[in-house]
Amino acid sequence: NFGRLIGILTAFWGVFFVSLFVVALTNTLDLEESELRAFILLRRLFTRRTLKENACKMIQSRYIIRMEEKKEPHHRDIIKIRQNQLMYKKWQTDFQQNQQKLLTMNDQNAQTDRLQIGVDQILQDIESIQEQQDFINGSLKQMADSFSQAKDFMVDRMANQSQWSGIRSAHKQRRMS
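In the numbering used here, the protein residues as written are 550 to 726.
Think of the hints as simulated: they come from the structure by calculation, not from any bench. Remember, it's a predicted structure, so these values are computed and weren't measured experimentally. Please note that a few of the clues may not be correct.
List of simulated lysine-lysine pairs, DSSO-like, C-alpha gap at most 30 Å [as the list claims (entries may be wrong)]: (1) Lys-638 x Lys-601; (2) Lys-650 x Lys-638; (3) Lys-700 x Lys-690; (4) Lys-620 x Lys-601; (5) Lys-619 x Lys-629; (6) Lys-601 x Lys-629; (7) Lys-639 x Lys-601; (8) Lys-638 x Lys-619; (9) Lys-638 x Lys-620; (10) Lys-606 x Lys-619; (11) Lys-639 x Lys-629; (12) Lys-620 x Lys-606; (13) Lys-639 x Lys-650; (14) Lys-601 x Lys-650; (15) Lys-638 x Lys-606; (16) Lys-639 x Lys-619; (17) Lys-639 x Lys-606; (18) Lys-650 x Lys-606; (19) Lys-650 x Lys-620; (20) Lys-620 x Lys-639; (21) Lys-601 x Lys-619.
Here are the computed distance ranges between Cβ atoms for each label pair [as the list claims (entries may be wrong)]: (22) Ile-628 x Leu-580: 32 to 40 Å; (23) Ala-604 x Leu-580: 26 to 34 Å; (24) Phe-588 x Gln-649: 17 to 25 Å; (25) Leu-580 x Asp-626: 50 to 58 Å.
Note that the Cβ used here is the ideal one computed from N, Cα and C, for glycine as well.
From just these sequences and the hints, can you work out the full model?
Here's what the structure looks like:
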């Protein structure tokens, strides 16, 4: 029985320890917004550098091919031309892929910027509407207060008139009798 208890406690301790490790690792690897922007910027710069390197290698391969083709036919190195043609195609494919990656990165950033601008515009609109709503509420409250004062005035006036009319009618009845 005591061995089972130790086994269960060890299992719970292991689960706790693994959970703690996972949470710590997640918090360590999770990037903040500024760190994420820096990471995206570094990735974009690395992609640009790779793009430049691929372009340079394409130019080199094409230059070697041109130089070999300018030579007289019996001095040309056909193997060198063919190798550089294959390398040129490889560098061209890599260049196009990196260019597409760079365009995708720029599109994502542009979409994020547009979304941020839209959110900011919505917040400004909400603040403006809130100010207008506060003004309207203040105006309605003033109108309600004015209406309440007018109602009280009219009720008082009607009460005064009914008192006078009651006194007059009583006076008339006394005269008649």
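Quick rundown of the hints versus the structure:
1. Taken as a hint, the Lys-638 and Lys-601 pair is honoured in the structure, with Cα atoms around 16 Å apart against an allowance of 30 Å.
2. Between Lys-650 and Lys-638, the direct Cα distance comes to roughly 18 Å. Compliance with the 30 Å bound is thereby established for this hinted pair.
3. Our distance criterion of 30 Å between C-alpha atoms is met by Lys-700 and Lys-690, whose separation comes to about 15 Å.
4. With a CA separation close to 29 Å, the supplied pair Lys-620 and Lys-601 stays within the 30 Å bound.
5. Among the hinted pairs, Lys-619 with Lys-629 is consistent with the structure: their alpha-carbon atoms are about 13 Å apart, no more than 30 Å.
6. About 24 Å separates the Cα atoms of Lys-601 and Lys-629, which keeps this hinted pair within 30 Å; it holds.
7. A C-alpha spacing of about 15 Å is found between Lys-639 and Lys-601, which places the hinted pair at or below 30 Å, so the restraint holds.
8. Restraint check for Lys-638 and Lys-619: the C-alpha separation of about 20 Å stays at or below 30 Å, so the hint holds.
9. For the hint linking Lys-638 to Lys-620, the alpha-carbon distance of about 22 Å falls within 30 Å, and the restraint holds.
10. A distance of roughly 20 Å separates the Cα atoms of Lys-606 and Lys-619; the hinted pair therefore holds under the 30 Å criterion.
11. Proposed proximity of Lys-639 and Lys-629 is supported: the alpha carbons are some 15 Å apart, at most 30 Å.
12. Proximity of Lys-620 to Lys-606 is assessed by CA-CA distance (about 22 Å); at most 30 Å being required, the pair is judged to hold.
13. Among the hinted pairs, Lys-639 with Lys-650 is consistent with the structure: their alpha-carbon atoms are about 17 Å apart, no more than 30 Å.
14. Distance check on the hinted pair: Lys-601 and Lys-650 sit about 14 Å apart at the alpha-carbon level, within 30 Å; holds.
15. With a C-alpha separation of about 11 Å, the suggested pair Lys-638 and Lys-606 falls inside the 30 Å cut-off, and the hint holds.
16. In summary, the hint linking Lys-639 to Lys-619 is supported, as the alpha carbons are separated by about 23 Å, within the 30 Å threshold.
17. A threshold of 30 Å between alpha carbons decides the hint, and for Lys-639 with Lys-606 the separation of about 10 Å falls inside it, so the pair holds.
18. Distance hint between Lys-650 and Lys-606 is fulfilled; the C-alpha atoms sit about 19 Å from each other, no more than 30 Å.
19. Of the supplied pair hints, the one linking Lys-650 and Lys-620 is violated, its CA atoms being roughly 38 Å apart against a limit of 30 Å.
20. The hinted pair formed by Lys-620 and Lys-639 meets the criterion: a straight-line CA distance of about 24 Å does not exceed 30 Å.
21. Taken as a hint, the Lys-601 and Lys-619 pair is honoured in the structure, with Cα atoms around 27 Å apart against an allowance of 30 Å.
22. Distance hint check: the CB atoms of Ile-628 and Leu-580 are about 49 Å apart, inconsistent with the given range 32 to 40 Å.
23. Between Ala-604 and Leu-580, the C-beta spacing of about 31 Å keeps the proposed range 26 to 34 Å intact.
24. In this structure the hint that Phe-588 and Gln-649 lie 17 to 25 Å apart at CB holds, the actual value being about 20 Å.
25. Between Leu-580 and Asp-626 the C-beta distance comes to about 51 Å, which sits within the given range of 50 to 58 Å.
Checked against the numbered hints above, the structure breaks hints 19, 22 and satisfies the rest.
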